[in-house]
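Based on the hints, put chain B in the right spot on chain A.
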Amino acid sequence: MKLQQLSLFLENKPGVLRAPCELLAKNGIDLLTMSLADTTQFGVLRFIVADPEAARKLLTDAGMVVRMTEVVPVEVDNHPGGLARALAAIEEAGLAVEYMYDFGAASRGGKAAIVFRFEDPDAAIAALGKAGVRIYSGEELLK
Amino acid sequence: MSTWNDPPGGFHPISAPDYLPREQLQKIQLQRLQSVVGRAYDRVPLTHSRMDERGLTPASVGSLADIAKLPFTVKTDLRDTYPFGLFASPMEEIVRLHASSGTTGKPIVVAYTQADLDVWSEVMVRALVACGMHRGDVIQNAYGYGLFTGGLGAHYGGEALGATVIPISGGNTERQLMVMQDFGVTAICCTPSYFLHLLESAKETKIDFSKLRVGVFGAEPWSDSMRERIQDESGIRAHDIYGLSEIIGPGVGIECMERRGLHIFEDHFFPEIVDSETGEVLPEGAEGELVLTTLSKQAMPLIRYRTRDVTALVSEQCACGRTLRRIRRIGRRSDDMFIIRGVNVFPSQVETALLRVEGTLPHYQIILTREVGLDQMEVKVEVTPEVFSDEIRALESLQRKLEASIENILGLRVKVTLVEPRTLARSEGKAKRVTDLRSV
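These protein sequence lines map, in sequence, to chains A and B.
Read in the numbering used here, the first sequence has 128 at position 128, and its numbers run on one by one without any break.
Read in the numbering used here, the second sequence has 1200 at position 200, and its numbers run on one by one without any break.
Chain A on its own, in the form it takes in the complex (with noise of 0.2 Å):
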């Protein structure tokens, strides 16, 4: 199952990152899980909220430039070479990570979730599922 992510563009200066979230809080909406990439210059916010759409809205009705990109939620066991297993089979089967970040929110019982990004998620997702790499659902991060 795929996962809508939301991205933001963020200059590299203090306080940037507090208008958004001030913003999404107000709104009551909860930041499920984020990662934030930079450089010297810029960053992007890249997160994941229940409702997507609502939170795009408000954001790009707030100036933002915002965008939304299709990520993959996969359960990888939580313990040394868990990971290694999942990114062995998408090795195998010719396909890159963009970027990965923890889901932390959503591990339990012994599994840790992954948000990946793939150029190609719907061939990640079949190149997964064939490894026998479970693939959450959106049901069961989304609450």
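In short, the hints are calculated from the structure, not lab data.
The reader is advised that the hints may include incorrect statements.
Pairwise CB distance ranges (calculated) [to be verified]: (1) B/SER1223 - A/GLY104: 53 to 59 Å; (2) B/PRO1083 - A/ASP61: 23 to 29 Å; (3) A/GLY63 - B/LEU1064: 39 to 45 Å; (4) B/GLY1359 - A/ARG85: 42 to 48 Å.
Mimicking DSSO-like on lysine-lysine, the simulated pairs with C-alpha atoms at most 30 Å apart in a straight line are [what the hints assert, rightly or not]: (5) A/LYS111 - A/LYS2; (6) B/LYS1380 - A/LYS13; (7) A/LYS2 - A/LYS26; (8) B/LYS1415 - B/LYS1106; (9) B/LYS1401 - A/LYS13; (10) A/LYS26 - A/LYS57; (11) B/LYS1203 - B/LYS1401; (12) A/LYS13 - A/LYS26; (13) A/LYS13 - B/LYS1415; (14) A/LYS57 - B/LYS1380; (15) B/LYS1415 - B/LYS1380; (16) B/LYS1106 - B/LYS1380.
A virtual CB, placed ideally from N, CA and C, is assigned to each residue, including glycine.
Just chain B now, kept in the frame of chain A:
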């Protein structure tokens, strides 16, 4: 044997027109004006048709004041007639072409007959003499050689003066400093910002340039405080030189030893000050746009060329004895063009470059700064939803594409910074596209 211009600032016979009584100068001006208007009317279709539209012929110019009747020539005329449309000489008589950047990426082409080159050398000699230079001076010419008129203009002027010219051109700071010290350089021609950069570098490397006496700086605006800094740090005397390719190149005007305004070589370039909005000629002393008419140009005579440079004419007699009128130093322009590292830049060129990459025009702002003496241009571009990617490498690639596109059009390396939307100032009406922080 002692010669005419041995003592610094001494008299040089080529400078005689600098000291003509005004009436005599005006006679020469009128005679040349009538001749050049006739030449342009006969040989340049654009001038001919514009004069016809106003019911004018060369015979309409009976006095110098009649120049106000003549139509203006503007920069876009040079672009619209690209490349050779304003030439008044056949190619067989043209011995040199130069070009400068235009508004659309197409350059503006200027032409010279041998007589034009001779006039150019003459006014450059008169300019260098006014700066107190003479035979025996060793001139480091660090203006760029090539299509830009700065390099060759200063080069031939220096040689015609009888000085020793080192045609080092711009760039390669280390070599510049080595040459300055080892060749016993006494005078330098370059942009003021480049000289500041040389000074900074000289401090680090402990270069001895105690023989250096004079700097002839131009091709970009510079302030009096920058002059003070240059003079305090280097101990040289800094002169402002004025010129533009369309008219001839460097050597249209120069600061004499008094350095209270720039003398215009009025026997070759007729100055007027006009209201940049209405085009009305303004009274002597009023500030307005400088308009120049080439009085002796053959290959490309320009009648009433709108320079877009804002200044005022000073007609009081200068203490140096020259009767040539002066213009105040130029600090700003009446359009949004700016000059960086000797290159004329219009914001519209930057827009063209941004459009090519993005497909739509984002909000942007140009910021000019002077870092370690070198002019820097930064373009801040607001990220739009259309171009925003959640991948860092895609954003960095966008940045590089924008930089390459701008460099492609301007021939200048610039820094592009991506900024958040709505962070650049918007103003009512015309956006303020350029922030110039270069005052030193």
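Verification of the supplied hints:
no.	hint	result
1	B/SER1223 - A/GLY104: 53 to 59 Å	57 Å, holds
2	B/PRO1083 - A/ASP61: 23 to 29 Å	51 Å, violated
3	A/GLY63 - B/LEU1064: 39 to 45 Å	58 Å, violated
4	B/GLY1359 - A/ARG85: 42 to 48 Å	43 Å, holds
5	A/LYS111 - A/LYS2	18 Å, holds
6	B/LYS1380 - A/LYS13	15 Å, holds
7	A/LYS2 - A/LYS26	27 Å, holds
8	B/LYS1415 - B/LYS1106	23 Å, holds
9	B/LYS1401 - A/LYS13	24 Å, holds
10	A/LYS26 - A/LYS57	14 Å, holds
11	B/LYS1203 - B/LYS1401	37 Å, violated
12	A/LYS13 - A/LYS26	23 Å, holds
13	A/LYS13 - B/LYS1415	18 Å, holds
14	A/LYS57 - B/LYS1380	26 Å, holds
15	B/LYS1415 - B/LYS1380	8 Å, holds
16	B/LYS1106 - B/LYS1380	24 Å, holds
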